[in-house]
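So for the sequence shown, my numbering puts the first residue at 20; every next one is plus one.
Be careful, since some hints might not be right.
[Stated by the list, open to error] Straight-line C-alpha distance at most 30 Å; calculated DSSO-like pairs for lysine-lysine:
id, residue 1, residue 2
1, Lys197, Lys53
2, Lys42, Lys53
3, Lys197, Lys42
4, Lys203, Lys42
5, Lys96, Lys203
Honestly, the hints are just simulated from the structure, not real lab data.
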Amino acid sequence: PNTFRRLFAEGAFNAAFVPLFAKEIEQHGNEGAKRFSEEVFGVLFSALLALTIAMELAMPLIVRYLVAPGFADIPGKFETTVTLATIMFPYLICMSLGAMMAGMLNSLRRYFAAAIAPAFLNIILIAVLGYAWYHGLDAHDVGFGLSWGVLAAGIVQLAIVWIAVRHAGISIGFRRPKMTPNVKRLLILALPAAITGGITQINQLIGTAIASAQNSA
Numbered sequence: 020p021n022t023f024r025r026l027f028a029e030g031a032f033n034a035a036f037v038p039l040f041a042k043e044i045e046q047h048g049n050e051g052a053k054r055f056s057e058e059v060f061g062v063l064f065s066a067l068l069a070l071t072i073a074m075e076l077a078m079p080l081i082v083r084y085l086v087a088p089g090f091a092d093i094p095g096k097f098e099t100t101v102t103l104a105t106i107m108f109p110y111l112i113c114m115s116l117g118a119m120m121a122g123m124l125n126s127l128r129r130y131f132a133a134a135i136a137p138a139f140l141n142i143i144l145i146a147v148l149g150y151a152w153y154h155g156l157d158a159h160d161v162g163f164g165l166s167w168g169v170l171a172a173g174i175v176q177l178a179i180v181w182i183a184v185r186h187a188g189i190s191i192g193f194r195r196p197k198m199t200p201n202v203k204r205l206l207i208l209a210l211p212a213a214i215t216g217g218i219t220q221i222n223q224l225i226g227t228a229i230a231s232a233q234n235s236a
């Protein structure tokens with residue numbers, strides 16, 4: 020999920036979304052910004068949901084051939100990796116929508132929620148580790164606890180920025196996904212940055228796959 024998040028949510032997507040959102044505020048006020056954000060939200064959420072379902076169903080193949088091929092022949096490790104990845108992948112939905120709303124807050128000059136929300140990932144993971152240490156959990160249980168902690172943190176982070184956006188005067192509703200002119204403009208602006216940023220993320224993915232074949236992985 021972090022690969023997609025860095026590539027789309029915090030990279031190409033936000034670089035294109037924030038200027039367009041700020042322009043809508045300037046030209047059409049909060050009502051225009053609300054309409055634009057709802058159009059984008061409908062398309063983004065639907066695309067993320069479809070991607071997440073597809074990745075969840077294909078996770079064994081993705082882990083075996085892309086993410087950690089070195090684990091494929093190790094009894095137990097492959098199955099555990101697939102399960103942990105399946106638990107964490109919906110984090111992508113939370114973080115991508117959260118990044119969009121953080122961009123909205125920054126455009127509205129409401130910085131606190133967008134700045135504090137990411138800290139909850141560390142807070143929750145540290146809490147999980149503290150609980151595991153106190154109760155003497157083994158590495159297997161700690162791994163599952165951290166995976167659920169990642170998902171919980173994503174939900175908390177999304178809730179924080181969602182509430183902050185509502186308090187800022189923009190209540191986002193769900194619109195049927197539609198390729199409106201605004202959405203098309205956003206995609207046109209985001210595509211070049213996505214291609215450029217994808218090179219680094221692909222290199223990291225290749226490095227992870229190679230590392231999975233090492234004895235200490």
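Here is what the structure says about each hint:
{"no.": "1", "hint": "Lys197 with Lys53", "verdict": "holds, 15 Å"}
{"no.": "2", "hint": "Lys42 with Lys53", "verdict": "holds, 12 Å"}
{"no.": "3", "hint": "Lys197 with Lys42", "verdict": "holds, 21 Å"}
{"no.": "4", "hint": "Lys203 with Lys42", "verdict": "holds, 16 Å"}
{"no.": "5", "hint": "Lys96 with Lys203", "verdict": "violated, 43 Å"}
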